[in-house]
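Start from the sequences, fold in the hints, and give me the full structure.
Protein chains: 4
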Amino acid sequence: MMKTFILIFQCKDQKGIVAKVSELIFKCNGNIVALDQYSTHLKAGRLFMRIEFMAEEKDLIKDKLDRQIKSIARYFKAGFKLYDKGRMLRMGVLVSKPDHCLADILYLQKRGELPVEIPFVISNFLGHREMVEQYKIPFYFIPAAKKNRKEDEILRHALQSTDFLVLARYMLVLSPKFIKTYGKDIINIHHGLLPSFKGANPYQQALDAGVKEIGATAHFVTAKLDVGPIIAQAVEQVSHKDDLKSLLLKGMSLEKRALNDALHAYIEHRVIRFKDKTVIF
Amino acid sequence: MMKTFILIFQCKDQKGIVAKVSELIFKCNGNIVALDQYSTHLKAGRLFMRIEFMAEEKDLIKDKLDRQIKSIARYFKAGFKLYDKGRMLRMGVLVSKPDHCLADILYLQKRGELPVEIPFVISNFLGHREMVEQYKIPFYFIPAAKKNRKEDEILRHALQSTDFLVLARYMLVLSPKFIKTYGKDIINIHHGLLPSFKGANPYQQALDAGVKEIGATAHFVTAKLDVGPIIAQAVEQVSHKDDLKSLLLKGMSLEKRALNDALHAYIEHRVIRFKDKTVIF
Amino acid sequence: MMKTFILIFQCKDQKGIVAKVSELIFKCNGNIVALDQYSTHLKAGRLFMRIEFMAEEKDLIKDKLDRQIKSIARYFKAGFKLYDKGRMLRMGVLVSKPDHCLADILYLQKRGELPVEIPFVISNFLGHREMVEQYKIPFYFIPAAKKNRKEDEILRHALQSTDFLVLARYMLVLSPKFIKTYGKDIINIHHGLLPSFKGANPYQQALDAGVKEIGATAHFVTAKLDVGPIIAQAVEQVSHKDDLKSLLLKGMSLEKRALNDALHAYIEHRVIRFKDKTVIF
Amino acid sequence: MMKTFILIFQCKDQKGIVAKVSELIFKCNGNIVALDQYSTHLKAGRLFMRIEFMAEEKDLIKDKLDRQIKSIARYFKAGFKLYDKGRMLRMGVLVSKPDHCLADILYLQKRGELPVEIPFVISNFLGHREMVEQYKIPFYFIPAAKKNRKEDEILRHALQSTDFLVLARYMLVLSPKFIKTYGKDIINIHHGLLPSFKGANPYQQALDAGVKEIGATAHFVTAKLDVGPIIAQAVEQVSHKDDLKSLLLKGMSLEKRALNDALHAYIEHRVIRFKDKTVIF
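Residue numbers (the working numbering), protein chains in the order written: chain A, 86 to 366; chain B, 86 to 366; chain C, 86 to 366; chain D, 86 to 366.
Treat the hints as calculated values from the structure; they're not laboratory data. Owing to the predicted nature of the structure, the values given are computational and were not obtained by experimental measurement.
For lysine-lysine, the following DSSO-like pairs were computed, each having C-alpha atoms within a straight-line distance of at most 30 Å:
hint, chain 1, residue 1, chain 2, residue 2
1, B, K100, C, K97
2, C, K262, C, K232
3, A, K166, D, K100
Some chain B residues judged to face chain A by a derived CB distance under 7 Å, without partners named:
hint, residue
4, S281
5, G295
6, V296
7, E298
8, I315
9, A317
10, Q318
11, V320
12, H325
13, V364
Using N, Cα and C, we set each Cβ at its ideal position, and we do this for glycine too.
Rendered as structure tokens:
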């Protein structure tokens, strides 16, 4: 039985990193399937590396491997993560009324085209219950009053059972406290081409600006609204003939594309965050 | 001998406009080659129309036609312009040091792919003289001190001899007084996807924002910096691998595309300005 | 009460067409919302026109209008169609096993983003029954043996109850006899960028050819396989990293985009067929 | 003084390759700037690797390094190439009458945006002499009769003085004998989206096919016409309004984009040929 692991590694650029890590993999009888290494050209260069490698199950004890990599990482003062490719990530979904991204995610997940587990869908819109439960996924209706976002309730569901959250058109702003307590990645789809058109009604903003290209942006959520590291963007031409209705329709397609690109990159561990940017291998 | 005219017409949306205008053209023995009419869906709808029609030269006396259309326009409280398609527009070019758009314009114009007359190229960079004069186009070097932009000198060249100006990467901001005195259209190419990244160094701004799509925008110049009506935009995907140098290179291609699209639309009289937007037929 | 009509008109290019038609509309107290007229530049030029106009219901008696336009059309030896914009088209859906286009169509139609009636979904794959019936749309399972395509059964459903058919990834080839008997438009989505990669397994063909762009094509069905008039195409970049699985995934998104573009253009009566091409206003 | 080398390596997929090569680089005191490794998922997987690394000049003796890598390559039965990044490739240019790609190449090369040496431009069209010589590049006029392509004359110029050839819209077909004798890479720009529209007049073919997307393809030349491994493609939307003239204009932009993408990838040694395909890192 073969197993495949993915190692993500980042640190200050230094000599010998690839040699050390690839030697370790070789000693485990591992075969490198794909390796991407990229260093920024900045003065204090930073190295990003993703290695996908496979080996006989008996040669790859995850705990042992983890310890060995930790010792390399310590030497280079690096951060790293080691993923078992066979273990699906658990993705919690938060969604408000617009449900095109939700419908797309549920469809793709069921067909095996989006290999994640979905422990729940949480919405402040009750109407999604039927669709979600048709896919046999737990649905929680958590209404949100202006004063009381009931974030604790969301956290109670999310903390243990998810590896990351996706806001598939979730219109409520998560508090910095929530983001900090959750502590894992949260991916949002914004229906505008960031950094343009932050905040509410980006398609109306685009219409008012008279742009000839509109877009959507999938990005990590940070404490600041609509400014987290961008993972994927999609764009499409528009013209004077487009009104708000047709922008919304084109936007639905763009949002699905950008979010899908981002989710696929994320669950294949091809996304590395660094400060306010991403490296996408 | 056949002649072709292009009529641009805009006013508050009303009944009977197409009937009246097309009847006039029919009476001139004219044949409509292309007609685009579009009305905004807003409450106080606005009608935009472009008609391209041809007729025997003897049947189309421009002055007479002009008077007849004026009388229709008065009835509908409309603005209109009538262009003889056979008469080339005269395009004055202003350019600073980056010369990729200039080189492209000169090349295309010489090959007949950009059917305009170019009465002059004005630059605050002396080094372009050789290239411009190889194309047998007058070149004026007008250096610009911070305090003294010598706009009067530019106006002296432009006022009489041009139908419109293009800023083909002209890095100096034209004063509201210049724009008002010149009184005709001025088209600028901005090396960012407006409304993102206004002002200086848009590629550096894009890099700092970590975007995955960059773009360029051709727009009309107004008194406000980088916010005039957008005519054309071009976009291209970028990745973490792109540094400032590669963004500049991709940008050169994007700027040429957006500017060319805009210039072709403009000289074919397919661009109609209305407030802070454009209709591009 | 206002009503909106759409008139499609095509004939040999001649003088006075717009004048005659717009005069008629004016006499009905009609207001032209949008007019597109385009004539091919060929020697024997051909004129294509689409007029969208609205008027008080009492001034627009469809039968009367129809007669009046018929008389104009006879004069110009033109073909025409007059549509009541308020009347939804009835779209029959045929689909084999891949159901991403089907799911998208059903979703958009329910949300009102694809304003058509769907009298039925016919499939040679029984498994779609559940999804289709959740949307409360009749589902007919018509299995197809190699020798017996049971096209008569399909025709029995389609002839009276549909205005057009869409093959939303229908893998069986319709016979020339079927196409002739049905006599109305049939739109197919082909998962390749026609005219490249006709026939079976276009993504495998694309992989073998080592292309760097893949696409999908929505086109009218004619008696010849995969060569009918193209309505819409969508493209996306691929790389050496893409294998058949990832091409299929990207393709799903492309097919939905091309088919949606085509269906929207078609149901808004913006598509005019002429010989082996289309004019899309 | 730092030097940068680029190593291209390909062989049957095996364990230990990255470990061996990166160890060697580490021993030379080298720092890996970028590493891309990709293995095909096929049964008999094939490994492709590109490593860019830098070191003190004194530690990197090219001949010695070459010998050391050769010994590793022999062990893995691999093919490899080692490039000194500081050494510019020499690119011979062949061109017929259409000169938009030529003009673009000369412009970019002069500005330092296309870091190659251009030992000559050869054309069967005399008219390009002036432009080429303005850039101080040798120009050879080699007219081609149907029976006598004078390929020997081209070879005499190309064999010693070039690292590769680019056919920047060269309309004559090179003989298999020429390709074999030259023995190095030849890059062609074809003005169609291969594998569609091979051979002559691809834009006319696209017009006849009524496609809604056109494209251009940069590919390696092989003995078969227009079927060599594809390096880069560019696409753009067209509509029924486009005639041959406007397709040619849009095509000029597409050809420049595809060719530039290909040339940049090639001179940065990011292109690996394998059979009838390419890996572009």
